[in-house]
Structure formats: C-alpha cells, structure tokens
Amino acid sequence: MIPVSCYLVLSGILFVCGLLGFLIKRNIITIFMSIELMLNGVNLSFVAFAAQWHALSGQVFVFFVMVVAAAEAAVGLAIIIAVYRTRETLNVDQVNLLKL
Amino acid sequence: MFHLILFLFFGAICVGGAVNLLAQSHPINSALSLIVVMGSLAAEYLLLGAEFLAAIQVIVYAGAIMVLFLITIMLLNAGKEERTKGSRVAILIGVPGVLIGGVLVTWTLLHRSDMPSVPIGALKGDPSDIARLLFHQFLLPFEVTSVLILIAIMGAVVLASRPEAIARRHYGDEAPEETRELVASGKDH
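These protein sequence lines map, in sequence, to chains B and P.
Just so we're aligned: 72 in this note's numbering is position 72 of the first sequence, and the numbers increase by one with no gaps anywhere.
Just so we're aligned: 1098 in this note's numbering is position 98 of the second sequence, and the numbers increase by one with no gaps anywhere.
Please keep in mind that the hints were generated in silico from the structure rather than gathered at the bench.
Where a beta carbon is used, it is the ideal one built from N, C-alpha and C, also for glycine.
Hints may be right or wrong, so weigh each one.
What the hints assert, rightly or not - Chain P side only, calculated, beta carbon under 7 angstroms to chain B, not exhaustive:
1) L1053
2) I1073
3) S1087
4) R1088
5) P1096
6) V1098
7) G1102
8) I1130
9) L1159
10) P1163
Turn these sequences into a full structure, and let the hints steer you where they fit.
Printed below as a string of structure tokens:
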C-alpha cells in the first residue's frame, strides 16, 4: 500500500522536468520532447486519480491524451522539418520571423 | 513493502531519465532518455493495475512517437545545441522559479493526510471494460479523434512535402518554367 500522493509527486516531478526543459533548451526538437514529458506526467496523475476513485474514465482520458499527443507529434515534426528547410537551423533563437 | 520498492525503483529510473533529458546537449541522447522515462512509466501503470495503458504506452509512445522523433533527428542531422544569451537568461530565471514551484507542489501533496493508499494493481478493469466505456459513453469523442488523426496525417504530408518534388512528379523534368514557379509558390494547392 502506498499513498496516491506518491504517484502525484512523481507526476509533478516529471511535469517540472518537462517545464524546465521547455524553458532552458534551445533545440526545437528537444523542446518538443519536453512537451511530451509534461504530457506523460499529466497522464500518470490521471491514472493515479483513477486508481483512487476506482473510475475507469481516467484511463479513457489517458487514451485520448495519447491520441492527441500522437497527432501533435506528427504535425509538429512536419512543421520542424519545414522550418529547417527554410532556415537551415534548429535553434529557436534564430527562428524569430514568421515569414522569410 | 515489495510494492514500495518497485515504485521507488521505477520512479528513480523515471526521474533519472527526465533529468538526463535536460542534462544532455545532443538531441539523440535526449530522445533515448525520454524512451527510458516512458518505459518506466509503463511499469508504474502496471503497478497501478492499468495493463491496457501500460501496453499502449509502450506501443504508441515509446514505439511510434519516439521513432518519429528519432527519424526526424537523424533526417535533419541535428547536432549539439549551442548556448545563446537567451538560454542563459532562461536558465537564470527559469531554474529557480520552476524548482520552487516543484518543491511547493511536492510539499503540499506530501502533507495532505487525507490521501488514501492504493494496493498493488488497485485499478479494476481489463481492456474489455475500457472498450465498453469507450464505445458507449465516449463514442462521440472516439469518432472525433479519428477525424483529428486524419487531419493530422494530411497536415503532416502537406507541411513536410516539397512543392518542387511534386511538380517534378506531375510534369516531369520538362515542365515549363512558369508551371514550376507556380507550384513552388504554393498556389497550386
């Protein structure tokens, strides 16, 4: 028996790591991976609360979050490829214009 | 006791992978440590009794999405990231702020005494129960996500395609110059 708050603390640590990566990383792909890390942290808290309340809908919500994350990854990586083609860089500090 | 040891073991791997993601400067190392995080999270889901989620965590997240990331990193030949002035400012302000927030959240959660404890495999519900819920109560969102996935696929194809390559495929190498320019400027689609 371990308290639900332990799982929530783990999910909070993962979210904080993702947030930190989002702030300090300069490579656009790593920033994108930090977003995935944050989504994973939130998923863990969904499952922990589902275990607390004995509710299955928490698991269904995690399923939907995963679907949206997959769609987001496909579109986001396509955008990254398009950005790299026009600017030849992955550094977000150098991508500061919407139009060339 | 055994439950606690398993939780701490996989939790430590999880946090270690997440910290390693931040510490590495090469994106491919970050992606590999993210796979470690997702794998150990799948183990945490198993501890909570969510077998279905553990399976799709490994298949969809650690499998499909991370392969997409790795292929993009290799395709773009991403090298080490360089430090800039903006990133130093972000480290100076961001690290303390986020750490304070994390400590506050942890402290609040650990001092809540009304949080119940869960035994190993606390979640009841095998994949058939989830499927029943998904295809009855959540049928409309489920169908909407299929549209979302379709749009995402089309968006990815359009965004990542090269207009010049499309023009060459449609008109061959002897396409008139103005046709190529028209296609390259994006007016064709």
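Checklist line | When the least beta-carbon distance from I1130(P) to chain B is tested against 7 angstroms, hint result | finding: Given a least distance of 6 angstroms, the restraint on I1130(P) holds.
Note to self: A closest beta-carbon separation below 7 angstroms is what the hint needs, so does L1159(P) meet it against chain B?
What the structure shows: With a closest approach of 4 angstroms, the L1159(P) hint holds.
Notebook entry, point to check: Can we keep the S1087(P) interface hint, with Cβ of chain B closer than 7 angstroms?
Noted result: holds (5 angstroms)
Notebook entry, point to check: Holds or violated: is there a CB of chain B closer than 7 angstroms to the CB of P1096(P)?
Noted result: violated (11 angstroms)
Item checked: Proposed interface contact between G1102(P) and chain B, which counts if any beta carbon pair is under 7 angstroms -> holds (4 angstroms)
Next item on the list: For the hint on L1053(P), just tell me whether its beta-carbon gets within less than 7 angstroms of chain B.
Entry: holds (6 angstroms)
Next item on the list: With a cut-off of 7 angstroms on the beta carbons, see whether P1163(P) makes it to chain B.
Entry: violated (11 angstroms)
Note to self: A closest beta-carbon separation below 7 angstroms is what the hint needs, so does I1073(P) meet it against chain B?
What the structure shows: holds (6 angstroms)
Margin query: So, as I understand it, the hint says R1088(P) touches chain B; can you test that by seeing if any CB pair is closer than 7 angstroms?
Written below: With a minimum Cβ separation of about 9 angstroms from chain B (threshold 7 angstroms), the hint on R1088(P) is violated.
Item checked: Closest C-beta approach of V1098(P) to chain B relative to 7 angstroms, hint status -> holds (5 angstroms)
In summary, the structure is inconsistent with hints 4, 5, 10 from the numbered list given earlier, while agreeing with the others.
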